[in-house]
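Q: Protein chains in written order, with my numbering: chain X, 26 to 587; chain F, 31 to 199.
Just so you know, the hints here were simulated from the structure itself, not pulled from any lab data.
Since the structure is predicted, the reported quantities are computational estimates derived from the model, not experimental observations.
Do not rely on the hints blindly, as some may be mistaken.
Covered stretches of chain F, going by a simulated chain X footprint (3 or more residues, C-beta under 8 Å) [said to hold, decoys possible]:
id	segment
1	104 to 115
2	156 to 166
3	181 to 188
All C-beta atoms, glycine included, are put in the ideal place defined by N, C-alpha and C.
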Amino acid sequence: MYRYDEFDERFVRERVAQFRGQVERRLDGSLSEDEFKPLRLKNGLYLQLHAYMLRIAVPYGTLNSRQLRMLAHIAETYDKGYGHFTTRQNLQFNWPKLKDVPDILGLLADVEMHCIQTSGNCIRNVTSDQFAGVAKDEVEDPRPTAELIRQWSSLHPEFVWLPRKFKIAVTGAEHDRAAIKVHDIGLKLKRNDQGEVGYEVIVGGGLGRTPMIGKVVREFLPKDELLAYLEAVMRVYNSEGRRDNKFKARVKILVHETGEEEFRARVEEEYAKLDGPTINAPEEEVERIAAYFAAPTYEDLPETSQVLEQARAIDPELDRFVAQNSFEHKQPGYIALTIALKEIGAVPGDMSADQMRAFADIAEKYSFDEFRVTHSQNLVLPHVRKDDLPAVHAALKAAGLASANAGLITDIIACPGLDYCALATAKSIPIAQAIAKTFADQERQKAIGELPIKISGCINACGHHHVGAIGILGLEKGGRENYQITVGGDATEHASLGERLGPGIDAEDVPAAIEAIVETYLAEKTGEESFIETVRRTGAEPFKAGFAAFIESRTAQHEAAE
Amino acid sequence: MTLITEAGAVEDRFTRADTIEAALAVEGPVLIPLAIADEFATARPDTEFGVSLPGSAPIEDVKPHLAKASLVAVEFPAFADGRGFSLVKKIVREGFSGTLRASGPLIADEFADALACGFTEVELPETMANRQPVQQWMAAKDTMSEHYQSGYGRGPSILQKRLAARKGA
Ligand code: HEM
Ligand code: SF4
Numbered sequence: 026m027y028r029y030d031e032f033d034e035r036f037v038r039e040r041v042a043q044f045r046g047q048v049e050r051r052l053d054g055s056l057s058e059d060e061f062k063p064l065r066l067k068n069g070l071y072l073q074l075h076a077y078m079l080r081i082a083v084p085y086g087t088l089n090s091r092q093l094r095m096l097a098h099i100a101e102t103y104d105k106g107y108g109h110f111t112t113r114q115n116l117q118f119n120w121p122k123l124k125d126v127p128d129i130l131g132l133l134a135d136v137e138m139h140c141i142q143t144s145g146n147c148i149r150n151v152t153s154d155q156f157a158g159v160a161k162d163e164v165e166d167p168r169p170t171a172e173l174i175r176q177w178s179s180l181h182p183e184f185v186w187l188p189r190k191f192k193i194a195v196t197g198a199e200h201d202r203a204a205i206k207v208h209d210i211g212l213k214l215k216r217n218d219q220g221e222v223g224y225e226v227i228v229g230g231g232l233g234r235t236p237m238i239g240k241v242v243r244e245f246l247p248k249d250e251l252l253a254y255l256e257a258v259m260r261v262y263n264s265e266g267r268r269d270n271k272f273k274a275r276v277k278i279l280v281h282e283t284g285e286e287e288f289r290a291r292v293e294e295e296y297a298k299l300d301g302p303t304i305n306a307p308e309e310e311v312e313r314i315a316a317y318f319a320a321p322t323y324e325d326l327p328e329t330s331q332v333l334e335q336a337r338a339i340d341p342e343l344d345r346f347v348a349q350n351s352f353e354h355k356q357p358g359y360i361a362l363t364i365a366l367k368e369i370g371a372v373p374g375d376m377s378a379d380q381m382r383a384f385a386d387i388a389e390k391y392s393f394d395e396f397r398v399t400h401s402q403n404l405v406l407p408h409v410r411k412d413d414l415p416a417v418h419a420a421l422k423a424a425g426l427a428s429a430n431a432g433l434i435t436d437i438i439a440c441p442g443l444d445y446c447a448l449a450t451a452k453s454i455p456i457a458q459a460i461a462k463t464f465a466d467q468e469r470q471k472a473i474g475e476l477p478i479k480i481s482g483c484i485n486a487c488g489h490h491h492v493g494a495i496g497i498l499g500l501e502k503g504g505r506e507n508y509q510i511t512v513g514g515d516a517t518e519h520a521s522l523g524e525r526l527g528p529g530i531d532a533e534d535v536p537a538a539i540e541a542i543v544e545t546y547l548a549e550k551t552g553e554e555s556f557i558e559t560v561r562r563t564g565a566e567p568f569k570a571g572f573a574a575f576i577e578s579r580t581a582q583h584e585a586a587e
Numbered sequence: 031m032t033l034i035t036e037a038g039a040v041e042d043r044f045t046r047a048d049t050i051e052a053a054l055a056v057e058g059p060v061l062i063p064l065a066i067a068d069e070f071a072t073a074r075p076d077t078e079f080g081v082s083l084p085g086s087a088p089i090e091d092v093k094p095h096l097a098k099a100s101l102v103a104v105e106f107p108a109f110a111d112g113r114g115f116s117l118v119k120k121i122v123r124e125g126f127s128g129t130l131r132a133s134g135p136l137i138a139d140e141f142a143d144a145l146a147c148g149f150t151e152v153e154l155p156e157t158m159a160n161r162q163p164v165q166q167w168m169a170a171k172d173t174m175s176e177h178y179q180s181g182y183g184r185g186p187s188i189l190q191k192r193l194a195a196r197k198g199a
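Input sequences plus hints: build the corresponding full structure.
A: Given below as structure tokens:
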């Protein structure tokens, strides 16, 4: 993984000192509250419902054990003993004090971490595929690109006062696990007919109150032209993006209102005027960065592990865990393992300081000291020897981290919602917990199969509900929390937005409504179809019908009770 | 108004005038809106002038005046409106070598960005200058000693320095 050199180190240190100075200038009145706000946001510091929240960048979701131990230390010293992994692969602390934040930033800098641009109207932390460098369907590892963009976008003089936040995601694989079509810019590494590597560039995707799927603005951008092309896109957006209405300020609205053709023409016109070589990264620098992501020194191992096979044969729990949570590795004898931060009844994405320490030990010992954060608020051990799996499973289990539900109906994404968030119109974490409890039975989960549920506590869509196979949106209606349910959302290369099934329902009805939707799926499914594949084939109609029947029976029950 | 350059506070040589009548009455260099620049240049071909325009102005509207004006003042409606930073890049790209002024309620924290994008001075309303005196601007511009972006600021970027270090080694 990438390591800071003297330049990166100094940059982050100076940035901490700069923020310390900004806090002081806020306290002495030099900066007004309005002026300080974007400055603190650009350092990841939000004001939430009950307290400040600090969002720490985990660039493209990659961490090592030393960093996680520091996060555990910060959680215990400055917070309430836990952290929260987010859908953009970052980590949040929900209870830091403003006066402690500069010190926390200093501790983060000690382990090559920062909060730069994790919020605010600037280019945010770059996200990527959690199986980067592992997946068999990869054209090229996306992490060197993501690291280059991290550096290039850090305190970019021209693009720190954009109309609105700007999110970039990169994938190097055929199967999109980075949701590039719902980002402001999505980059996909690909090969052209001559076998050269470059990018497909997608612009204008996004969720929030106006969800949109991004448009391809460049089919193939030669790899060495990346930064100049990004500069062109950003300049068009910075100049022309709307600033009159916060809700129409994202680049997706500019692309939509300008029209795809015209937007592309403006980007190309700007690009033609740029002097690429003076902007793009030198080839040696790209290579220097890429060298940090070279594969670790794997052992030569057979594809199947006798140790693992024997252990699985006698331990059904291990067997289930491996079957559900492992991901095929390109190196024989290894797998990537998903650690679902989704124990039944727990808060999705939360991790205690003790768990962090235990997990740091496991990553250090069994996965070349590296792990990843996924956008489903889970973790990944990218390179585990199959022979080690029984020991890894035992260690995870001891730390309460061996939930065998990765990708299943209980592996739910939920935003903080009304429990933390000042913008929330409804709770989302308790809804996730109630659904998980309803489907707690392992056999039942397995029979239902892969089913990503995503929950947001308001239309801002931090929980990605639009792209959940089942999406749940919490609103407020007549003083009560009210939940709208969609099906058919998808964040992969088949990106699509979910379709609403009917009227909103009460919180206590949500688990039963999900059961009704699952019943429809099980009745409609043919062969080995997953939930989303069935919806894609049948459309939303049968689900709407099932949902309508559910509402009717519910109303009848309510009336009988009264 | 307070005018700040990289070297500190300086006197403003230009007098602002919003109408052609007012502009013609000014002694010495005058700063006028883009809309009356042509008329003024025709009436006073030998008088030094600058043009002022909003950050939202298209570069096409600015271009015809760059040969004659010795100063371009880009107006920032608010400190968080970054359009002026992109506009100044485009003006520099046209080969303009005069004074580039960022005018409006900017904050000291964006001085370094303004300079890196090509501005040479910042013109502040008095209320801002009182809260954030010139010392804060001088300190703020130096808080970060390096930048990653090639093509911005005066010195080489971090990426270019790394390359140079490797070539030297
Ligand atoms: C609690 C404090 C939070 C606040 C005030 C907040 C605010 C917002 C707002 C206003 C938007 C809509 C932006 C727009 O459409 O322009 C948004 C979108 C989003 N937020 Fe949050 N958020 C919070 C926490 C989170 C958390 C914890 C996560 C991750 C779990 C998250 C991830 C996202 C994502 C992925 C989007 C969608 C991005 C898109 O529209 O493309 N946010 N947030
Ligand atoms: S979706 Fe709404 S409730 Fe949930 S975190 Fe985002 S802003 Fe808050």
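Q: Tell me if chain X covers the segment 156 to 166 of chain F under the three-residue, 8 Å CB rule, please?
A: holds (count 3)
Q: Closer than 8 Å, Cβ to Cβ, for at least three residues: run that test on the segment 104 to 115 of chain F against chain X and report holds or violated.
A: holds (count 6)
Q: Please count how many residues of the segment 181 to 188 of chain F have a CB within 8 Å of a CB from chain X and say whether that reaches 3.
A: It holds, with 4 qualifying residues against the three required.
The structure shown violates none of the earlier numbered hints.
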